[in-house]
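There are 2 protein chains.
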Amino acid sequence: MKDSLREILDHERARYEEFKNLNLKLDMSRGKPSKEQLDLSNGLFDCLTSKTNFVGAQDYRNYGLLDGIPEAKKLFAEVCNISDKEIMVLGNSSLNIMYDNLQRAMQFGVNGGVPFNKQGKLKWLCPVPGYDRHFAITELFGFEMVNIPMTEDGPDMDMVEKLVAEDESVKGIWCVPKFSNPQGVVYSDETVRRFAALKPKARDFRIYWDNAYMVHAFREDIELLNLLNEAKKCDNADIVYMFGSTSKITFAGGGISFFMASEANINYIKNLMSLQTIGNDKLNQYAHVLFFKTAENIVSHMEKHAALMKPKFDAVMEILNKELNGYATWIEPKGGYFVSVDLAPGTAKRTVELAKEAGVIFTGAGATYPYKKDPADSNLRIAPSFPPINELITAMEVFCCAAKIAYCEKNLA
Amino acid sequence: MKDSLREILDHERARYEEFKNLNLKLDMSRGKPSKEQLDLSNGLFDCLTSKTNFVGAQDYRNYGLLDGIPEAKKLFAEVCNISDKEIMVLGNSSLNIMYDNLQRAMQFGVNGGVPFNKQGKLKWLCPVPGYDRHFAITELFGFEMVNIPMTEDGPDMDMVEKLVAEDESVKGIWCVPKFSNPQGVVYSDETVRRFAALKPKARDFRIYWDNAYMVHAFREDIELLNLLNEAKKCDNADIVYMFGSTSKITFAGGGISFFMASEANINYIKNLMSLQTIGNDKLNQYAHVLFFKTAENIVSHMEKHAALMKPKFDAVMEILNKELNGYATWIEPKGGYFVSVDLAPGTAKRTVELAKEAGVIFTGAGATYPYKKDPADSNLRIAPSFPPINELITAMEVFCCAAKIAYCEKNLA
Chain D
44 MKDSLREILD HERARYEEFK NLNLKLDMSR GKPSKEQLDL SNGLFDCLTS
94 KTNFVGAQDY RNYGLLDGIP EAKKLFAEVC NISDKEIMVL GNSSLNIMYD
144 NLQRAMQFGV NGGVPFNKQG KLKWLCPVPG YDRHFAITEL FGFEMVNIPM
194 TEDGPDMDMV EKLVAEDESV KGIWCVPKFS NPQGVVYSDE TVRRFAALKP
244 KARDFRIYWD NAYMVHAFRE DIELLNLLNE AKKCDNADIV YMFGSTSKIT
294 FAGGGISFFM ASEANINYIK NLMSLQTIGN DKLNQYAHVL FFKTAENIVS
344 HMEKHAALMK PKFDAVMEIL NKELNGYATW IEPKGGYFVS VDLAPGTAKR
394 TVELAKEAGV IFTGAGATYP YKKDPADSNL RIAPSFPPIN ELITAMEVFC
444 CAAKIAYCEK NLA
Chain Z
44 MKDSLREILD HERARYEEFK NLNLKLDMSR GKPSKEQLDL SNGLFDCLTS
94 KTNFVGAQDY RNYGLLDGIP EAKKLFAEVC NISDKEIMVL GNSSLNIMYD
144 NLQRAMQFGV NGGVPFNKQG KLKWLCPVPG YDRHFAITEL FGFEMVNIPM
194 TEDGPDMDMV EKLVAEDESV KGIWCVPKFS NPQGVVYSDE TVRRFAALKP
244 KARDFRIYWD NAYMVHAFRE DIELLNLLNE AKKCDNADIV YMFGSTSKIT
294 FAGGGISFFM ASEANINYIK NLMSLQTIGN DKLNQYAHVL FFKTAENIVS
344 HMEKHAALMK PKFDAVMEIL NKELNGYATW IEPKGGYFVS VDLAPGTAKR
394 TVELAKEAGV IFTGAGATYP YKKDPADSNL RIAPSFPPIN ELITAMEVFC
444 CAAKIAYCEK NLA
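Quick mapping for you: the protein sequence lines, in order, are chains D and Z.
Read in order, the letters of the first sequence correspond to residues 44 to 456 in my numbering.
Read in order, the letters of the second sequence correspond to residues 44 to 456 in my numbering.
In isolation and in its complexed conformation, chain D is listed as follows:
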């Protein structure tokens, strides 16, 4: 056994030296759209010209409409299957909306509740592996983050229900319910219904439902139940904050975002938000409306994204299947931006380190866990979208080579 491992190690080390000689400089660390994906939306820049009629509900070039222009609310309410009274269309960053909502809860409380700042040490539930930028926000605000294991149906709901029902200091949970970051899991109907029916001990508990990849299938689509609508059936609508954006539909560097919630939640938030800004950029909202026109057009637009994404994910799957069987496990995603790989425990950091030395940057080991601490040092996130496919293939070969070296080193030690 050891002999065969040593053979593999020697072989991979030789291969690793060859990779190093290529002087690679590849960055696989972030889920950024590729140039070709961005090109798909260039027509948006032709939608507004000096000849455009800018007057809809008002002159969109002027102040006003804190919660977005009616046309944009209508369009994205339809995409999201909710009423246009339950949506605000805002600036370019849904992360910013999440952050601001949590900061408002810290400072002013949730819908008239005691400010989180005045409630002592609080807890936040974090399905793992998950999105590093989510965890960074709750870490910044001083929450004790509680890891909730992910299953193929979503977070472990037995654990979620128990913690939420028993512990008043649990104030929220981060969810990426469709094509989750990084695993690509779509929450099952049962999971969504159990979220909708949660009976939290804390009245100011909220589900932060970051539906970043709601129209981002690249294989056959999997429908996600609408949490807000399910929660209404349980007379529980206020428990839900839903977020979305066009960052990965049009432009990561200049899309629009939306916030969806019950009218009670929206009214409370709008009231506070009215002191923060007079309104967001309505002209970019208008450009998006003129570009897409209908919800159907967004669907067909996303098919073009899918056609660019699928070959990249296929390539990643092919290489993983060829090289890492027995060394690692992974889920084949049907949409979203990531592949999550579970390596042998104790080898993730070393794998990233080796890849980096060979010129390929992956998202840091641990990044998918709160406090950047993966207790097993096992999970890594692969972001296939940005690089051209030939670079992606090289980067994945380096990844597999590094993972195998780390595996052998660990087992020979």
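Please note that a few of the clues may not be correct.
What the hints assert, rightly or not - Think about it this way: if two alpha-carbon atoms lie no more than 27 Å apart in a straight line, the pair counts; the simulated DSS-like pairs of lysine-lysine are:
1) D:94 with Z:78
2) Z:94 with D:336
3) D:164 with Z:164
4) D:313 with Z:347
5) D:353 with D:68
6) D:161 with Z:166
7) D:94 with Z:336
8) Z:336 with Z:68
9) Z:161 with D:161
10) Z:365 with D:117
11) D:166 with D:63
12) D:416 with Z:313
13) Z:336 with D:78
14) D:161 with Z:117
15) Z:117 with D:78
16) D:242 with D:275
17) Z:94 with D:94
18) D:347 with Z:94
19) Z:78 with D:336
20) D:94 with Z:166
21) D:117 with D:353
Note that these hints are calculated values from the structure, not bench results.
Start from chain D and add chain Z according to the hints.
Coordinates of chain Z only, in the frame set by chain D:
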């Protein structure tokens, strides 16, 4: 005397009835640019097309560049006469930057200091009359707002220096240093130098310098000393936060904003801001850069605004001079968006009420003071920019008529 007042009252009441019969519906309440002003920037929409090269420091359609694109930083640093290391170019709302800075100070403290939330009852200096949206923010965060009388050179600096030097609970001051809202006062060189040399007892004291009208002269321009540069001379650079936007240069509904401060301040803020958003809309920043190209072009662009604004302010001045001499006092502004009128004490509310009954909405009495409380019930803000000039003239006639009625009623009571 009373007889003559009664005669005036009868005369004005008759005139007032005639105004009422016109069924007016005019809104003079907010400082919004007019349609003609907005039209001046329509060329901006032709700057980005599907054929544009979007790659500058990076592909601006993608994620990145939290503090703005280099071209925009360079352009507005030049306009503001500072280094491009001292500027961040952000989203569409400078009010949002101010709010977020104060919220960050509440939650996390200023540059490593104790969070304002943990320092007990704090105070904020508010030059009066001033901008209602500023006061609303410090009211929301629970500051005790201290009125600082405005002089024709800016805030009463004896009072500012004394309060800031003696009282550690004084954490900031709102300033609109050029063409102040609502009086149109430009802070004198001496005032700016005294601000620059402030020696606050509180190390976390900051001057919130909202330079909203920095290029907004409509008569001969008056130069404002650059506070950051003056503060540097006093080794006091960290005391300054400066804000600006193109809301009244290009589009109130979709401009860009900037934050200017010492590198130490910017680094501290950028670090926290990196958890709030990945970046603001870079494409609108890029459109602004392509539209203006140079700082000189911004100056000539603003001359076109001035040509539209001057006749409106002239009309307001003419009517005030004709009708309200002896009833009120005012300052003739050389730029900015407002005219501030001091009526006879105890008549401002009644004037606004009468105008409203005749179909003309003015900014509420008291709005120019913290807590919406003008102790003298005297100051009103007129916003001449938005309405067409014929409507403006009618609105001003209603205003004067209402003010005279209120004056006579008060003095006959």
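We went through each hint and held it up to the structure:
As the CA atoms of residue 94 (chain D) and residue 78 (chain Z) are separated by approximately 14 Å, the hinted pair is consistent with the 27 Å bound. A hinted pair counts as satisfied when its Cα atoms are at most 27 Å apart, and residue 94 (chain Z) with residue 336 (chain D) qualifies at roughly 21 Å. Using a Cα cut-off of 27 Å, the hinted pair residue 164 (chain D) and residue 164 (chain Z) holds, with the two alpha carbons roughly 23 Å apart. A threshold of 27 Å between alpha carbons decides the hint, and for residue 313 (chain D) with residue 347 (chain Z) the separation of about 36 Å lies outside it, so the pair is violated.
For the given pair, residue 353 (chain D) sits about 24 Å from residue 68 (chain D) by alpha-carbon distance, which is consistent with the 27 Å threshold. Taken as a hint, the residue 161 (chain D) and residue 166 (chain Z) pair is honoured in the structure, with Cα atoms around 21 Å apart against an allowance of 27 Å. For the suggested pair residue 94 (chain D) and residue 336 (chain Z), the alpha carbons sit about 21 Å apart, so the restraint of at most 27 Å is met. The suggested pairing of residue 336 (chain Z) with residue 68 (chain Z) is violated, with an alpha-carbon distance near 41 Å, which exceeds 27 Å.
Of the pairs offered as hints, the one joining residue 161 (chain Z) and residue 161 (chain D) holds, with about 10 Å between alpha carbons and a cut-off of 27 Å not exceeded. The suggested pairing of residue 365 (chain Z) with residue 117 (chain D) is violated, with an alpha-carbon distance near 50 Å, which exceeds 27 Å. At roughly 44 Å between alpha-carbon atoms, residue 166 (chain D) and residue 63 (chain D) are farther apart than 27 Å, so this suggested pair is violated. The suggested pairing of residue 416 (chain D) with residue 313 (chain Z) holds, with an alpha-carbon distance near 25 Å, which does not exceed 27 Å.
The hinted pair formed by residue 336 (chain Z) and residue 78 (chain D) meets the criterion: a straight-line CA distance of about 26 Å does not exceed 27 Å. Distance hint between residue 161 (chain D) and residue 117 (chain Z) is unfulfilled; the C-alpha atoms sit about 43 Å from each other, more than 27 Å. Straight-line distance between C-alpha atoms of residue 117 (chain Z) and residue 78 (chain D) comes to about 26 Å, which keeps the hinted pair within the 27 Å bound. Of the pairs offered as hints, the one joining residue 242 (chain D) and residue 275 (chain D) holds, with about 13 Å between alpha carbons and a cut-off of 27 Å not exceeded.
Of the pairs offered as hints, the one joining residue 94 (chain Z) and residue 94 (chain D) holds, with about 18 Å between alpha carbons and a cut-off of 27 Å not exceeded. With a CA separation close to 19 Å, the supplied pair residue 347 (chain D) and residue 94 (chain Z) stays within the 27 Å bound. A threshold of 27 Å between alpha carbons decides the hint, and for residue 78 (chain Z) with residue 336 (chain D) the separation of about 26 Å falls inside it, so the pair holds. At roughly 49 Å between alpha-carbon atoms, residue 94 (chain D) and residue 166 (chain Z) are farther apart than 27 Å, so this suggested pair is violated.
With a C-alpha separation of about 30 Å, the suggested pair residue 117 (chain D) and residue 353 (chain D) falls outside the 27 Å cut-off, and the hint is violated.
The structure fails hints 4, 8, 10, 11, 14, 20 and 21 (numbered hints given earlier, in ascending order).
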